[in-house]
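Asker: These protein sequences, in sequence, are chains A and B.
Read in order, the letters of the first sequence are residues 1 to 102 in my numbering.
Read in order, the letters of the second sequence are residues 1 to 162 in my numbering.
Honestly, I wouldn't trust all of these hints.
Derived Cβ-Cβ restraints for the label pairs, each shown as a range [what the hints assert, rightly or not]:
{"id": "1", "chain 1": "A", "residue 1": "P62", "chain 2": "B", "residue 2": "A136", "range": "32 to 40 Å"}
{"id": "2", "chain 1": "B", "residue 1": "R23", "chain 2": "A", "residue 2": "D93", "range": "51 to 59 Å"}
{"id": "3", "chain 1": "B", "residue 1": "E118", "chain 2": "A", "residue 2": "K82", "range": "31 to 39 Å"}
{"id": "4", "chain 1": "B", "residue 1": "R143", "chain 2": "A", "residue 2": "R76", "range": "30 to 38 Å"}
{"id": "5", "chain 1": "A", "residue 1": "P62", "chain 2": "B", "residue 2": "N159", "range": "32 to 40 Å"}
Because the hints were derived from the structure by calculation, they are not lab data.
Every residue, glycine too, gets a C-beta built ideally from N, C-alpha and C.
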Amino acid sequence: MAREQVERQAKLLALDNRRAEPGIIKMYWFPDDEEVRLVGLLPSVPRTDNGSVQPYHFLANPAASLPAPSGIALIRPDEFGKLELPAGWGSWDDAVPLEEGE
Amino acid sequence: MNWREAFIRQAKSEHALLRRLDRPDVEYSHRLHYIQMVTEKLAKGFRANPSDPNPPPTTHHALVRLLQTLKGRPEVRRQLGYSDAAVFRAFIDSLLDLADQVEQLVPGAANTTQPNAEYPWRDPKTGEVFAPIDYAFPLFDPRNPRMIKFERLLDALVNIAT
């Protein structure tokens, strides 16, 4: 799958997350060619208890315009940069902020 | 079969059993026990990456986190019959504290002094020991509208989980 296609879906999901949860203050995308990888910062989410980002995974759903599988995690803003990322997600320096309206 | 498929298969089977327990001659604690188990398996199923050979990690608040994540999933929202994201959000938000309380029903979380659906416990105030089958679980009264909504959400999630 082309990186651009994954990025398009990442932006779509980030926007949908912001609309569904206005409490999200930032969405970050971890670029990958096969999977959408997102981390959202949400102050009201329970604190992570084991030191690592733990995304929920959703299968590709082309009929819903979601051609790539995705992993999405919500963490508290003060956990950004401190938690261990899932294997293969790279480092926190790889996180691309997806601004509102993108 | 991967971990995700296995957890979701188990959740669907336990959910089918849960529905068979919905009878007046079955103590409510058994239903509640299955509700807790189904939510646990569902949350772990969604947490499992299909391409990861390792099982999903065990964490607290897995169900609450799953529900908060689902708010931002347009395909899930549509599959559950909501066209308006704000309405879906309000629906999920109204059930988050109940979901948290369901997660606390795990015996390990409840320990031996708090009500849970599986093991006896002692009330620290009265010293009375309860068996789950004899306890009414007022927080989870099946006639309470919020509990009815929660069970409907559970039914829907089990149906769409893949």
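Asker: Falls inside 32 to 40 Å, the C-beta gap from P62 (chain A) to N159 (chain B)?
Answerer: violated (20 Å)
Asker: Taking the CB of E118 (chain B) and the CB of K82 (chain A), does the distance hold inside 31 to 39 Å?
Answerer: holds (35 Å)
Asker: Can the suggested window of 30 to 38 Å be confirmed for the beta-carbon pair R143 (chain B) and R76 (chain A)?
Answerer: For R76 (chain A) against R143 (chain B), whose Cβ atoms are near 36 Å apart, the range 30 to 38 Å holds.
Asker: Given a hint of 32 to 40 Å, does the C-beta separation of P62 (chain A) and A136 (chain B) actually sit inside it?
Answerer: violated (48 Å)
Asker: Does the hinted range 51 to 59 Å hold for R23 (chain B) and D93 (chain A) at CB?
Answerer: holds (57 Å)
The structure is inconsistent with the numbered hints 1, 5, although it conforms to all the rest.
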